[in-house]
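If you read the protein sequences in the order shown, they are chains F and C. Mapping the first sequence onto my numbering, position 34 (from 1) lands on 36, and the numbers just tick up by one. Mapping the second sequence onto my numbering, position 133 (from 1) lands on 169, and the numbers just tick up by one.
It cannot be assumed that every hint is accurate.
[To be verified] Simulated DEER-style distance windows between Cβ atoms:
#	chain 1	residue 1	chain 2	residue 2	range
1	C	Ala124	F	Val111	52 to 60 angstroms
2	F	Val111	C	Lys245	39 to 47 angstroms
3	C	Gly258	F	Ile36	26 to 34 angstroms
4	F	Ile118	C	Arg240	24 to 32 angstroms
5	C	Asn191	F	Lys33	18 to 26 angstroms
6	C	Phe341	F	Phe212	52 to 60 angstroms
[Stated by the list, open to error] With a cut-off of at most 25 angstroms between alpha-carbon atoms, the simulated DSS-like pairs for lysine-lysine come out as follows:
#	chain 1	residue 1	chain 2	residue 2
7	C	Lys171	F	Lys206
8	C	Lys128	F	Lys206
9	F	Lys213	C	Lys171
10	C	Lys123	F	Lys133
11	F	Lys194	C	Lys153
12	C	Lys105	F	Lys206
13	C	Lys105	F	Lys194
14	F	Lys206	C	Lys287
15	C	Lys123	F	Lys192
16	F	Lys206	C	Lys216
17	F	Lys213	C	Lys123
[Said to hold, decoys possible] Chain F side only, calculated, beta carbon under 10 angstroms to chain C, not exhaustive:
#	residue
18	Ser74
19	Gly86
20	Glu198
Don't read these hints as lab results, they were simulated from the structure. All values reported here derive from a predicted model rather than from experimental measurement. Ideal placement from N, C-alpha and C gives every residue a C-beta, glycine not left out.
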Amino acid sequence: MSECTETVTEIEEYDIESEIAENDNIFYKIKNMIRTNKVAAISGLLIIFIIIVAIFAPVFAPHDPYAIDLLSRLKGPSAEHLLGTDELGRDVLSRIIYGSRVSLFVGLVPTLLSMIIGTVLGLISGYFGGKIDFVIMRLADVVLAFPSLLLAMVIMYTLGASTFNLFIALTIINWAGTARVVRSQAMSLKEKEFIEAAKSIGVKDSVIMFKHLLPNCLPSLIVLFTTNIPGAILSEANLSFLGVGAQPPEASWGLMVNNGKKFLFTNPIVALAPGIAILIIVLTFNFLGDGLRDAIDPYMKE
Amino acid sequence: MSEMSNEQFLLKINNIKTHFFTKRGIVPAVDGVTIEIPYGKIIGIVGESGCGKSVTSLSVLGLLQRPGKTVEGSIEFNGRNLLQLNKAQMRKLRGNEISMIFQEPMTSLNPVYTVGKQVSEAITIHENISKEEAKSKVIEIFKNVGIPEAEKRFNAYPHQLSGGLRQRVMIGMAMSCSPKLLIADEPTTALDVTIEAQILHLMRELRDKNHTSIMMITHNLGVVAEICDYVYVMYAGKVMEQTDINELFEKPCHPYTEGLMRSIPRIHSKNTRLYSIKGVVPNLLKLPKGCRFSPRCDKATKKCFTQEPELYKIDNNHSVRCFLYENGVR
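Could you put together the complete structure from these sequences and hints?
Put into structure tokens, the structure is as follows:
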């Protein structure tokens, strides 16, 4: 019954024109998501917090993350070292704070790069079809056929371990997924009458692709972006853990878990703390991505 | 029609064959169609769904998607054969000299741009003018096609407009570069009848003002009666009957046209049950032998099932593809 009365008051306050205008607006949808989906909203706040911490790492970190103090190796949590110290006596909390830079950077840059490449190739593939489509999609199949971690490892071994090469590896393994999503969207969109109408007034193919198809793909691209980031962060952690990602003494969470695993039974916090940090950042991005998908994709609504 | 000389025609579709090369075989969607459109006239193309009306118009614009291809014939527009133009030349022609209005005003506008921006785009593609000039031109066009509060609507998104207004925007966009030929593919099918009358009135007005020729594709004989000067009746990829508008309604000759006429509901008729042509449009992959309409025809003779009729001329302005009129008599 209470639902009924709610609807009635809602109808009374209904301003049809502004409602129609705002309903399709992506910012309106995001605003609505923040109001209704608390998990996604909190995840968003946490992500903003993590980004601030990463940018102002020197302010937040209580110690120098690279300062070695062999006299206080593997200490448990204390007032001075909130999360204890690692095998070289470095402050774990400071290293986690600095490590967030690596994780965010690796999460954002290769994802952005791979999405740009994937979007352009996907648009070309979906819009033109035919032989071009065949070539691009078979290329994507090749990439997708390999386990992505294995492919990334092979690339890292071949190119050598460095942050730049890590970007290349993560871009190569991630573009294919985006290309497929954009291709399928472009294929269904190009059959729409407004594309035919655009053609019938003499609009060029390139203009149709980037001015008419791309903006219509944007909602799914935003969702894809937020769901791809945790994947990239995890890949970086995995690769660093396996020793082909970030190199010591750089503070990367994957690397820290790798170092800490030797002391898992004597001083577990050295491995657990960065592990939990990875868990938090991946989960928050996933929750935000899910929330955005539910808010933006009309087919996901109940 | 035929007494007119060639120069009077803006568009001459000469015996074109547009086929779709599918895995299951070749589909002759348009199979030897000849249509002539004089300057400043509104020509109707009537037929059931799937008879090749839309494919004919897409062939003219060169917008056929694979696996469709025009394999034979010529399309002469203002003295140029459109089938021989390359992609860039064709693109220049589209929107500038030939433009098209589509059936669904709901989906023919891009939802992410304002309507003003989309019409401006149409203008700036073909004319080298500044943004402000384009904007004032768009507002003028909007006023011409009867959009109230044109300045305000310039910044409206498609979903904020009603179907009728959107179709007006589409017509405005199609007319923005004053094309010589306007192809209207069932422009009023998705609209309700009062709006339909307004839109048809608007199209006739634009024709009178700009001397634009209009190729009106429809399955609605009411629309034909309302607006067209001359009519082609198509069936399964062929023209079955061509005549001017008065003849069509006074003495339809082809049994198919007659059937179409009889299936219009009439308020004074005593019959309670509405006539419908028996059977369905044939599968274009398995066309019947002889006349394409023979399996559904009440008047079919043995000859109809074995031989294919040609277009027989029964009058200066009237031709019928039926053996009943083989000798010119009715």
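Worksheet item: For this structure, which hints from the list above don't hold up?
Response: 1, 2, 3, 4, 14, 18 and 19
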